[in-house]
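Start from the sequences and build out the full structure, keeping to the hints where you can.
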Amino acid sequence: MSTTAERAFAAPVRRRWGEALAARGGIVLVASALLVFLTLPLAMLLMRSVEDRGGAFVGLANFASYLASPAFARSATNTLAFAGLTTLFTVPLAFGFAYAIQRSCIPWKGVWRNIALIPILAPSMLAALSFIYLFGNQGWLKVALGWVGLTSVYGLPGMVLSMTFASFPHAVMIVLAGLSLSDARLYEAADALGTSEWRKFLTITLPGARYGLISAAMVVFTMAVSEFGVPKVIGGNYNVLAIDIYKQVIGQQNFQVGAVVGLLLLLPVLAAFLVDWAVRRKQQALMTARSVPYRARPARGRDGLLLAFVIVMSAAMLLVIGMAVFGSFVKVWPYNLEFTLRHYTYGFEEAGVDQAYRNSLVMATWCAFAGAALTFLGAYWLEKTRGANVLRPVIQLQAMMPMAVPGLVLGIGYILFFNHPANPLGFLYGTMTILVLSTIIHFYSSSHLTAVTALKGLDGEFEAVSASLKVPFYKTLWRVTIPVCLPSIIDISRYYFVNAMTTISAVVFLYSPKSMLASISIVQLDEAGNVGSASAMATLIVATSAVVTLLSFAAEGWLLRRTQGWRTLSR
Amino acid sequence: MTTGAEALRLEGIHKAFGSFVALQAIDLVVPEGELVCFLGPSGCGKTTLLRIIAGLETQTSGRVIQQGRDVSHAPPSARDYGIVFQSYALFPNLTVRANIAYGLVNRRKARAEIEARVAELLKLVGLPDAGPKYPSQLSGGQQQRIALARALATAPSLLLLDEPLSALDAKERERLRGEIRALQRRLRVTTVMVTHDQEEALSMSDHVVVMNHGVIDQVGTPLDVYERPATPFVADFLGKVNVLHGVCTGEGRYRVGQVELETQANGVPSGASVRLYLRPEDRVLPDAGPVESMPNALTGRVRTLDFLGTYCLASMDVDGFDGQRMLVYFSLNQVQALGVKEGARLPFALRGDRVRIFAAPGA
Numbered sequence: 001m002s003t004t005a006e007r008a009f010a011a012p013v014r015r016r017w018g019e020a021l022a023a024r025g026g027i028v029l030v031a032s033a034l035l036v037f038l039t040l041p042l043a044m045l046l047m048r049s050v051e052d053r054g055g056a057f058v059g060l061a062n063f064a065s066y067l068a069s070p071a072f073a074r075s076a077t078n079t080l081a082f083a084g085l086t087t088l089f090t091v092p093l094a095f096g097f098a099y100a101i102q103r104s105c106i107p108w109k110g111v112w113r114n115i116a117l118i119p120i121l122a123p124s125m126l127a128a129l130s131f132i133y134l135f136g137n138q139g140w141l142k143v144a145l146g147w148v149g150l151t152s153v154y155g156l157p158g159m160v161l162s163m164t165f166a167s168f169p170h171a172v173m174i175v176l177a178g179l180s181l182s183d184a185r186l187y188e189a190a191d192a193l194g195t196s197e198w199r200k201f202l203t204i205t206l207p208g209a210r211y212g213l214i215s216a217a218m219v220v221f222t223m224a225v226s227e228f229g230v231p232k233v234i235g236g237n238y239n240v241l242a243i244d245i246y247k248q249v250i251g252q253q254n255f256q257v258g259a260v261v262g263l264l265l266l267l268p269v270l271a272a273f274l275v276d277w278a279v280r281r282k283q284q285a286l287m288t289a290r291s292v293p294y295r296a297r298p299a300r301g302r303d304g305l306l307l308a309f310v311i312v313m314s315a316a317m318l319l320v321i322g323m324a325v326f327g328s329f330v331k332v333w334p335y336n337l338e339f340t341l342r343h344y345t346y347g348f349e350e351a352g353v354d355q356a357y358r359n360s361l362v363m364a365t366w367c368a369f370a371g372a373a374l375t376f377l378g379a380y381w382l383e384k385t386r387g388a389n390v391l392r393p394v395i396q397l398q399a400m401m402p403m404a405v406p407g408l409v410l411g412i413g414y415i416l417f418f419n420h421p422a423n424p425l426g427f428l429y430g431t432m433t434i435l436v437l438s439t440i441i442h443f444y445s446s447s448h449l450t451a452v453t454a455l456k457g458l459d460g461e462f463e464a465v466s467a468s469l470k471v472p473f474y475k476t477l478w479r480v481t482i483p484v485c486l487p488s489i490i491d492i493s494r495y496y497f498v499n500a501m502t503t504i505s506a507v508v509f510l511y512s513p514k515s516m517l518a519s520i521s522i523v524q525l526d527e528a529g530n531v532g533s534a535s536a537m538a539t540l541i542v543a544t545s546a547v548v549t550l551l552s553f554a555a556e557g558w559l560l561r562r563t564q565g566w567r568t569l570s571r
Numbered sequence: 001m002t003t004g005a006e007a008l009r010l011e012g013i014h015k016a017f018g019s020f021v022a023l024q025a026i027d028l029v030v031p032e033g034e035l036v037c038f039l040g041p042s043g044c045g046k047t048t049l050l051r052i053i054a055g056l057e058t059q060t061s062g063r064v065i066q067q068g069r070d071v072s073h074a075p076p077s078a079r080d081y082g083i084v085f086q087s088y089a090l091f092p093n094l095t096v097r098a099n100i101a102y103g104l105v106n107r108r109k110a111r112a113e114i115e116a117r118v119a120e121l122l123k124l125v126g127l128p129d130a131g132p133k134y135p136s137q138l139s140g141g142q143q144q145r146i147a148l149a150r151a152l153a154t155a156p157s158l159l160l161l162d163e164p165l166s167a168l169d170a171k172e173r174e175r176l177r178g179e180i181r182a183l184q185r186r187l188r189v190t191t192v193m194v195t196h197d198q199e200e201a202l203s204m205s206d207h208v209v210v211m212n213h214g215v216i217d218q219v220g221t222p223l224d225v226y227e228r229p230a231t232p233f234v235a236d237f238l239g240k241v242n243v244l245h246g247v248c249t250g251e252g253r254y255r256v257g258q259v260e261l262e263t264q265a266n267g268v269p270s271g272a273s274v275r276l277y278l279r280p281e282d283r284v285l286p287d288a289g290p291v292e293s294m295p296n297a298l299t300g301r302v303r304t305l306d307f308l309g310t311y312c313l314a315s316m317d318v319d320g321f322d323g324q325r326m327l328v329y330f331s332l333n334q335v336q337a338l339g340v341k342e343g344a345r346l347p348f349a350l351r352g353d354r355v356r357i358f359a360a361p362g363a
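In order, the protein sequences belong to chains A and B. Just so we're aligned, residue 1 is where the first sequence starts under my numbering, counting upward by one. Just so we're aligned, residue 1 is where the second sequence starts under my numbering, counting upward by one.
Be aware that a few hints might be false.
[What the hints assert, rightly or not] Distance windows between CB atoms, simulated:
#: 1; chain 1: A; residue 1: R295; chain 2: B; residue 2: E199; range: 40 to 46 Å
#: 2; chain 1: B; residue 1: K240; chain 2: A; residue 2: A190; range: 41 to 47 Å
#: 3; chain 1: A; residue 1: R210; chain 2: B; residue 2: G323; range: 40 to 46 Å
#: 4; chain 1: A; residue 1: M47; chain 2: B; residue 2: R108; range: 29 to 35 Å
#: 5; chain 1: A; residue 1: W558; chain 2: B; residue 2: R108; range: 30 to 36 Å
#: 6; chain 1: B; residue 1: P128; chain 2: A; residue 2: P472; range: 29 to 35 Å
#: 7; chain 1: A; residue 1: A190; chain 2: B; residue 2: S331; range: 49 to 55 Å
#: 8; chain 1: A; residue 1: K282; chain 2: B; residue 2: V243; range: 42 to 48 Å
#: 9; chain 1: B; residue 1: E227; chain 2: A; residue 2: R280; range: 52 to 58 Å
#: 10; chain 1: B; residue 1: G339; chain 2: A; residue 2: R295; range: 54 to 60 Å
#: 11; chain 1: A; residue 1: L274; chain 2: B; residue 2: G323; range: 55 to 61 Å
#: 12; chain 1: A; residue 1: R280; chain 2: B; residue 2: G68; range: 50 to 56 Å
#: 13; chain 1: A; residue 1: S446; chain 2: B; residue 2: G68; range: 48 to 54 Å
#: 14; chain 1: A; residue 1: S446; chain 2: B; residue 2: T310; range: 54 to 60 Å
For the record, the hints were derived by calculation from the structure and aren't laboratory data. What you are looking at is a predicted structure, and each value in this text was computed from that prediction instead of being measured. Just so you know, even glycine gets a beta-carbon here, dropped at the ideal spot from N, CA and C.
As C-alpha cells, this is what we get:
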C-alpha cells in the first residue's frame, strides 16, 4: 500500500455529475444556437416560398409564376454567364500564380503571395469602383476596351473583371494547398525514366493538382453566383439573381418571390458545394506518410516566364487597389486631380453615412471577439466532450451549412424569421446584435473548421488524463487547450474581423438607419453618384483590415515569444 | 488468482459498438498490489476493456467494482485511478513540474507541500532535474517517466497503463520495462497494463490475461500461459509453436505421419483427430547424451537455418512425418558442436511431457 504521507495526496473521490451536465449542456446550447440563428431562418424561407402574401399555402405557385417570367430566364442565364466566365478567368490565373510560388525558383515569393492576398482585405465593390475609374465613361484606359472589341465596361465585362480580382486570393490559396501536396518521389522516378519536363507537367503535376483546381473552381463559382456588391456597382442593366432578390425584397417588399429566388440561388451553390466536398474527401487520400515534398530546382527559362507573369499580375492588383485609393483623394476624376479629403468628410455627411465606418468597426470587433469565442467553444464541446451523441452529427451538419448558403439567402431568412410578429426574439431586428450574429453565422463554417483542426491536433487524451487527476474539464480548457490553440483562435478572430468589415450580402437586408455599415454605404454612395466617397469608404475598409491584420500578426508573434516558448524548444 | 484482497472486479462485461461485439462475458479479478497485463493482438478488445475500467467507455452491460465500490456508471472523475497513455498526453505548454503537479494543485495543498511531492516523484522516476523543462525537451523515454510520475502523483489505488512502451525504441523499451516493474513493486500499486508485446507481458506481469476476439482465452502466471496454454490461440500467440496433425491411438499416444509419439496428454478418445502443439525448444539434442534410445526419438534433415542472434531456428524435415516440418531451436554452441547446417541429418527426441493436445478444427 502507499505510505501515509502519500495517502495525504490521495484523490477525494467525489461524484461530479455537475461536470457531466456541463458537457451535455454545452452541446445542447451549441445545437440550439445554430438551430435558432441558422436553421429556423432558412426553414422560414422555405415556408414563405410556398405561401402567398396573405400567408395561405399555395404550393409551388410562386415558383411557377417566377420561373415563367422572362425576367427570370434572363437573370438565370446572366448569373450563370457571370459565374462561369469569372471561373474561367480566375482559375487558370490562380493556377499560374500558385505554380510560380510553389514550383519555381522565382525570388521574393513571400512578397508576391502577400500581394495576391490583398483583395481579401477589400470589399468586392472596391474592384468595381476601380474598374469604373480605369475603364468607365471617363476612364483613363477606356481606349483599351476597344482593343478587345468592347464598348463599355458596365455590365458583364466589368463584373467579370471585378469578380476575378475579388475571388483571386481564394483560388490562389486553394490551388497553393493543392500544389503543396506533391510527392518528390514521383518526379524522381520520372527523371530516372528520362521524362521530359512538359510530360512530367502533364502526367504528374496537373493530375496531382486537379482536386485543388476543381475545388478552386467551385469556390469561385459560388462566390460569383451569390455576389451582390459587384453587379450592383458595375453591372448596369445586366440583371443577376442576387440583384433580383434585392429588388424583390427591399424594393417591393415581396418576400415570397424573394424567398423563391433565394432558394433558386441555393441550387447552383449547393451543387458546387457538394462537388467540392466530394473532391476534398478524395484529396485527403492523395498523400501518404511516405511522401517527400517536392522542391523546385532553378530552370532559367521557366523561372523567367513565371516571374514576368507574377509581376504583371501583382502590378495589376496593386493598380486596382491603388486606383480606388487614388480616386478617393482627388477632387473630380479625371478632370481635377487636386488632393482633397472632402470625399471622406463632406461626402459622408451629405449622404448621411458618417456613422457607417464607426458602426462597422464596432460590429467587426464584436465579431472578432464574440465570434472567435463562440466558434472555438462550439468546436471544443463538439470535439472534446462526451455524451449527447444524438446531437453531434446535427451540429456538424449545421456547422457546415453556412458554407453552402449565400449571404443574401441567409439575410432574407433572418428578415422573415426575426421580423415575424410571433417571434419572441423580434426585439433583435434592426439592432447591431443581429448584424453581429448573422455575420458570425455567415462565416461560421471556415472558422469552425479552423478550430476543429486545431483541436484535433491536440492529444485526444488530455481530457481523460484530467478526469483521472480529478481536475474539472474547464480548468484543462483554460490552462492547456486554449493556450495551445491560441494562434488558431487569433486566426479565427482576424478572419471574422476582416469579413465583417467587407461583407455586404447578408447584412444588407438587416441594417437599420442607425446601424448602417461601411460596406453597405459604398453601394448607397455609388447609387447617389458619389463615386469618390464610395471609394473613400472602400479605402477606409481596406486600410482598417490591413492594419488589424498586421496588428494580429504582431500580437500572434508577441504571444508566441512570450507565453509559448515551449513550441520552439527542442532537446 | 487467489492471493490478497481484490482491488478490481469485472463482472460480465459486454461491449458492443453497433453490431460489432468488442467484448463479451468478461469476468476478472485483479488482486491488490499485482501487475496484471491484458495481452492480445490488435482488435482483441484489450484497450476497450481498459477504457471501460477507466470510465472512458461505457460497457453495454456488466459491472466494474473497484475496492468494493460499484463504479460501473461513475464518470472517470469519480473513479480512483491514474493513467498513462501510449501518447503520454503530457500538456505541452506546461513544464514538467506543472504537469506532475496538475492533479495536486486542485487539492488545496500548500505550495511547499506540492513542491516536495513533485520533487519526490521526479526522484522516484529518476529525473530529479527535469522539473523546469518542457515535455518537448525530453526524450520519449523521459516523457514516459514524467507521464508515470503525473499518474502516480495523487497516489491512486489503481494504475492503468495503455501500451505505455510501444512508442519507444527497443533498447529504451527494455530498460523502462524493468524500471516500471521495480517501481510498481516498491509502491505496491495495483496496476493494469495493456500490451500487444508478449515479451513485455511475460517479463513484467504477475498475471497475464490473454485476450482474443473480445473474450478472455486464459488468465495465468506468465509461466502458466506459456507452458500450459489453454487454447490453440494462446499457444500460437505466445512464442513460436509447432502444430502437428495427428490421430490419438491410445492413452497419451498419438500418431503423426508414420511415427507414434508418447505424451502425458491423456483423456483423448482413441481415433480422435487432433493437433499436437510443441514449442521449438521442447526437444532433447545429442549433446545431452545419446537420444536414439529415448522415447520419441526422431531423425531429421535441416532444410533451412535462420540465425536469430542468441540462437538459431532450423526448419527440419522429419523422417516418417509425411512432409510435416518442424521448427527446432539450437543454441550457437549446439550448432557448432552438432555440426548443424543446411542439409545435415541429425537425431533428436521430442519432450512428450511438453506436448499439448487440442482437437482438430471442425473435429
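Outcome of the hint check:
1. R295/A x E199/B: 40 to 46 Å: Hint holds: Cβ distance 42 Å, inside 40 to 46 Å.
2. K240/B x A190/A: 41 to 47 Å: With Cβ atoms ~45 Å apart, the hint holds.
3. R210/A x G323/B: 40 to 46 Å: violated (55 Å)
4. M47/A x R108/B: 29 to 35 Å: violated (56 Å)
5. W558/A x R108/B: 30 to 36 Å: holds (34 Å)
6. P128/B x P472/A: 29 to 35 Å: Cβ of P128/B to Cβ of P472/A: about 31 Å, so the range 29 to 35 Å holds.
7. A190/A x S331/B: 49 to 55 Å: Given about 52 Å between the Cβ atoms, the range holds.
8. K282/A x V243/B: 42 to 48 Å: The hint (42 to 48 Å, Cβ to Cβ) holds, given that K282/A and V243/B are roughly 44 Å apart.
9. E227/B x R280/A: 52 to 58 Å: holds (55 Å)
10. G339/B x R295/A: 54 to 60 Å: holds (56 Å)
11. L274/A x G323/B: 55 to 61 Å: Given range 55 to 61 Å: holds, Cβ gap about 60 Å.
12. R280/A x G68/B: 50 to 56 Å: holds (53 Å)
13. S446/A x G68/B: 48 to 54 Å: Because 52 Å falls inside the window, the suggested range holds.
14. S446/A x T310/B: 54 to 60 Å: Holds - the Cβ-Cβ distance for S446/A and T310/B, about 59 Å, lies within 54 to 60 Å.
Hints 3, 4, counting from the list given before, are not met by this structure.
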